[in-house]
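Colleague: Chain by chain, the residues run as shown.
There are 2 protein chains.
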Amino acid sequence: MSIDVLQEKIRSMKNPSMIGLDPILELLPEQIKEDAFQKHGQTLAGAAEAYRVFCCGILDALKEAVPAVKVQTGCFQAFGADGVRAMEQVLAYAKKLDYYVLMDTMRGDIDCTAEALSESYFGGVKVGENVYTPYPCDAVMTNSYLGSDGIMPFTKYCKQGKNVFLLAKTSNKSSREMQDIVAGGRSVYQVVLDLAMRWSIDLFGKFGYSEIAVAVSGKHPAVLQEMRRQYDRLFFLVPGYGAQGANGRDVQYAFDRYGYGAIVCAGRSILYAFRKAGGDGADYQKFALEAAERMRTDITQYVRVL
Amino acid sequence: MSIDVLQEKIRSMKNPSMIGLDPILELLPEQIKEDAFQKHGQTLAGAAEAYRVFCCGILDALKEAVPAVKVQTGCFQAFGADGVRAMEQVLAYAKKLDYYVLMDTMRGDIDCTAEALSESYFGGVKVGENVYTPYPCDAVMTNSYLGSDGIMPFTKYCKQGKNVFLLAKTSNKSSREMQDIVAGGRSVYQVVLDLAMRWSIDLFGKFGYSEIAVAVSGKHPAVLQEMRRQYDRLFFLVPGYGAQGANGRDVQYAFDRYGYGAIVCAGRSILYAFRKAGGDGADYQKFALEAAERMRTDITQYVRVL
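Those sequence lines, one after another, are chains U and Z. If you're matching positions, the first sequence starts at -1 in my numbering and goes up one per residue. If you're matching positions, the second sequence starts at -1 in my numbering and goes up one per residue.
Relax, there's no trap hidden among the hints.
No copy is singled out in the list; a pair is fine if it fits within one copy or between any two copies.
Below, simulated EDC-like cross-link-like pairs (lysine to aspartate or glutamate); rule was C-alpha separation at most 20 Å, straight line:
#1 Lys204 - Asp230
#2 Lys154 - Asp192
#3 Lys12 - Asp254
#4 Lys7 - Glu291
#5 Lys124 - Glu32
#6 Lys124 - Glu28
#7 Lys157 - Asp147
#8 Lys204 - Glu6
#9 Lys171 - Asp147
#10 Lys171 - Glu113
#11 Lys171 - Asp109
#12 Lys154 - Asp200
#13 Lys12 - Glu62
#14 Lys37 - Glu127
#15 Lys93 - Asp58
These are computed hints drawn from the structure, not numbers from a lab. What you are looking at is a predicted structure, and each value in this text was computed from that prediction instead of being measured.
Same shape as in the complex, but just chain U (with noise of 0.2 Å):
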C-alpha cells in the first residue's frame, strides 16, 4: 500500500479515521476475560488471548465503516512473548479484512537493530532459505530523536509501497519540554517535518503527498493550521482525538481544501464505547461502530471527503 491507496481508501469510505488497536486488560468486556482464562489460566498466554480475541471483534466490527488501525506494539509486548503472538495474529487478521495497518513502535532505531526491524515488517527477516514477516503492515510509526540515521532504514521501504511515519508533535502535556523548544525561528518538531520533507524527493503521490508521513497532535489546533500551511505535501496523522480531548473541530485544520492530507487517530473512545453505557461488555461491537460512526459524523461536518 501507499499513501494513495490510504486516501483512496479514506474517499471510497468516506472516513478519515483511523482506530487505535491500545489494548488494556482491566477494561476488556469480562466475558472475553472470563473465557480466555478458563483456557489457559490468569496467565500472560490466557491474557494475550484476550487481547486478541477483542482487537479481532473490533476489527470484525469496524471493517465496513473504517479503513485505517493503528496497532500500539507496546501493549501487546507488555505481555512477554505471548503479548507478541497475540499481536502477530491480530496484525495479520487486519491485513486479511484489508484495512490500512500503521504500527506504532515509539521506537527510534538505527543501524543493524533498525536494518533488522525494518525488514520484520517490511521487506522479511531471512532465515537461512526462508524469509518470514512477523509483523505484516503498511506503515510503521517511529520516534525521530536519532535523526536520520533513524529514519532511512525505514524509508528506502517506500518505494516497495509502505509508509513511514514520523513522531513530530505528540498529545501530551510534556510534549512541550522537547518538541517545542525552538531554535533559528524553527521547533524541534518542525525539524522533524523539515526531515521527512528532506527525504521525500522523489515519494510524493498522485495527490501530491510523501510516503513519508508525519504525527501532528490535534489538542493544538493553531500548530496543526501553521503545519498544514507550510507542509502541504505531507500527510498527517492526528492523534488527540476522543479521550485524550481533541474534537472535529480542531483536527479539521489538518486537511488540505479537498480534504485531503490527513487522518485522524481514536483509540480508547472507540475501543471501550460500551463502558460508558455502563454494559457489561457483551455488545462491545456495536458501541465500538456506533462511537466510530459518531466521530466519522463529528469529522465530515468540518472536513469535505466526497
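Got chain U; can you put chain Z on it based on the hints?
Modeller: Only chain Z this time, still in chain U's reference frame:
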C-alpha cells in the same frame, strides 16, 4: 539493584564495562545456527534459539569479568514472538548469573502504554490473581522525545531499586540533526540531562549519583567532558566504544576523578571478536572474554577503578 549497586559491582570487578547483547544472525558462529536449525528448521523459532544459545554463551564467558549487560530489545523483537521468548530467557539467565541488566528499549512511551511496559520490566503485570514480570531487569533505557510524561511512569520504580537511562547524545552521525539543536544556550541533549536532574531530587545514592542516568556517546569526548563538568550527579552510560570508534582515551572524560559516574558499553567488538581471528566461531567465548579484558585494560589505563 540501584546505581550504587552497579557502581559497587564495577569496583569489585574493577571493570567499568557493559556488554551490549545485540545479536545478528549472519554474524553468529555457524555451529550454533546449524544446531538450532537442526532442532527447529530454518524458522524464526530456529533463529531465536540460536540467539538464546549464543547470548547465554556470552553471559557464561564474561560472568567473572564484566558487571553489566545491555539487551537490545529490537534485535530479538525482529524475530517476532519466538525472538521475544528467547529474550525473556536471556534476561532471566543474565539475572541468574547476577549481572546488572539494562533493557535497551529505544522506546518513548506515555500513558497506559508506558504503565503497561513499566510493569512488564519492573512492577509486574497483573493477570487476575497472578503477577508476572516477563522482562526481568534492573534498568531500562528510554527515548525522551515525549518529555516528562515518558519518564515518570518508569522513574517511579527508582525507589524500588530500579534505574532509568535516558537517551541523550547518541553515537550515530545524524544525532546532531535533532540532539545538537541549541536554544537559549542549551542543546536538546542537555535538556534531557536537565530533565533527568529535575526528576532526581530524592533519588541520589551514596556515591552522589542519581538513579536516573543518561546515555552520552563516547564518540564526542568534548561533549562528554563538558557534560561531566556540568552534571556531576548524573551517571553516564557511554556507548560508541569499539566497533563504533571510541577508545579508552575518549571515554575517560565520562568518569569523575575517583573513577565513579560512568560505564562504557561495547557490543559487536566483543560478541564477534572471533570473526577477526578468522576462526569458525567454535571458540567465540574465549575471544569474547579476551576482547572484554582488552577493553577493560584500555579503559582502566585512563580511569582509576580501585
